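Chain by chain, the residues:
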Amino acid sequence: AQSVTQLDSQVPVFEEAPVELRCNYSSSVSVYLFWYVQYPNQGLQLLLKYLSGSTLVESINGFEAEFNKSQTSFHLRKPSVHISDTAEYFCAVRAGSSNTGKLIFGQGTTLQVKP
Amino acid sequence: DGGITQSPKYLFRKEGQNVTLSCEQNLNHDAMYWYRQDPGQGLRLIYYSQIVNDFQKGDIAEGYSVSREKKESFPLTVTSAQKNPTAFYLCASSPSSIGSYEQYFGPGTRLTVT
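Protein chains in written order, with our numbering: chain R, 1 to 115; chain V, 1 to 114.
These aren't lab readings, by the way, just hints derived from the structure by calculation.
Source: prediction; values computed, not measured.
Be a bit skeptical, because a hint or two may be false.
[What the hints assert, rightly or not] In silico lysine to any residue, SDA-like type, Cα no more than 25 Å apart, as pairs:
#, chain 1, residue 1, chain 2, residue 2
1, R, Lys102, V, Gly3
2, R, Lys102, V, Lys14
3, R, Lys49, V, Lys83
4, R, Lys102, V, Leu27
5, V, Lys57, R, Gly96
6, R, Lys49, V, Asp30
7, V, Lys57, R, Ser98
8, V, Lys9, R, Ser98
9, V, Lys70, R, Asn99
10, R, Lys102, V, Glu72
11, V, Lys14, R, Asn41
12, R, Lys49, V, Lys9
13, V, Lys71, R, Asn61
14, R, Lys49, V, Arg68
15, R, Lys49, V, Leu27
16, R, Lys49, V, Gly58
Required output: the full structure, derived from the provided sequences and hints.
Following this line, the structure appears as structure tokens:
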């Protein structure tokens, strides 16, 4: 069965510092990988996704994630965070062969950006 | 504007009462999903529907029921059999359950049962 582990439940960081949110998954088949962001009392918004091709994917607001097949990881990084990046971040995986569209989510990582 | 709407945003009920959460989408998506979110546990799948008039149990379906009579609507009923119904409920949709599509989420409904 597939599973997703987000290794840190909370990540405090100062504004303009770099950050990495870690995500590892377990799957014996090809996968699609996603990072979603959730602001308080709101739904989830897609941040970026890996489907195929280049292992480095980027979002429009400066985040990037790298798919590492050998380490089964999809860590999220940003070189310089802003206060507005404070939110909860979810990593999710979906089997490439799935016909149900089911996503398996990690437990979430709360990013706390301090001034 | 295309999107997913969930209503109401906050819902309060007494224990023992059934309650129905609304989810509507105007994205013309075939697939729809219901998740439950609890602090520190991520999102867990309750039910999903790949096409109108069809739905399947997810990982935590006990105490819940759904219907999919229209493509755009996928209401979730939380029954009195659900032992711990207080949670944040999220509805999502996707163009299809097949392929590499991501899921699009609604704003959520926070249900409190006392």
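Self-check item: Satisfaction of hint between Gly3/V and Lys102/R, Cα-Cα up to 25 Å
Solution: Distance ~20 Å between Lys102/R and Gly3/V Cα, so the pair holds.
Quiz item: For the pair supplied as a hint, Lys49/R and Leu27/V, is the alpha-carbon distance within the 25 Å limit?
Solution: 20 Å, holds
Quiz prompt | 25 Å Cα cutoff - pair Lys57/V, Gly96/R | solution = Holds, at roughly 20 Å.
Quiz item: If you draw a straight line from the CA of Lys102/R to the CA of Lys14/V, is it 25 Å or shorter?
Solution: 32 Å, violated
Quiz item: Given the hinted pair Lys102/R and Glu72/V, is their alpha-carbon gap at most 25 Å?
Solution: The given pair, whose Cα atoms are some 19 Å apart, holds under the 25 Å limit.
Quiz item: For the pair supplied as a hint, Lys49/R and Lys83/V, is the alpha-carbon distance within the 25 Å limit?
Solution: 35 Å, violated
Quiz item: Within a Cα-Cα threshold of 25 Å, do Lys49/R and Asp30/V meet the stated pairing?
Solution: 21 Å, holds
Self-check item: Restraint status (C-alpha distance of Lys9/V to Ser98/R at most 25 Å)
Solution: Cα-Cα ~32 Å, so violated.
Quiz item: Can the restraint linking Lys102/R and Leu27/V be considered satisfied, given a maximum Cα separation of 25 Å?
Solution: 19 Å, holds
Quiz item: Quick one, are Lys49/R and Arg68/V close enough, alpha carbons at most 25 Å?
Solution: The hint is violated at about 29 Å.
Practice problem: For the pair supplied as a hint, Lys14/V and Asn41/R, confirm whether the alpha-carbon distance does not exceed 25 Å. | Solution: 22 Å, holds
Quiz prompt | Holds or violated: Lys71/V to Asn61/R, with C-alpha atoms at most 25 Å apart | solution = This hinted pair is violated, its Cα atoms lying about 33 Å apart.
Violated hints, in rising order: 2, 3, 8, 12, 13 and 14; the structure is consistent with all others.
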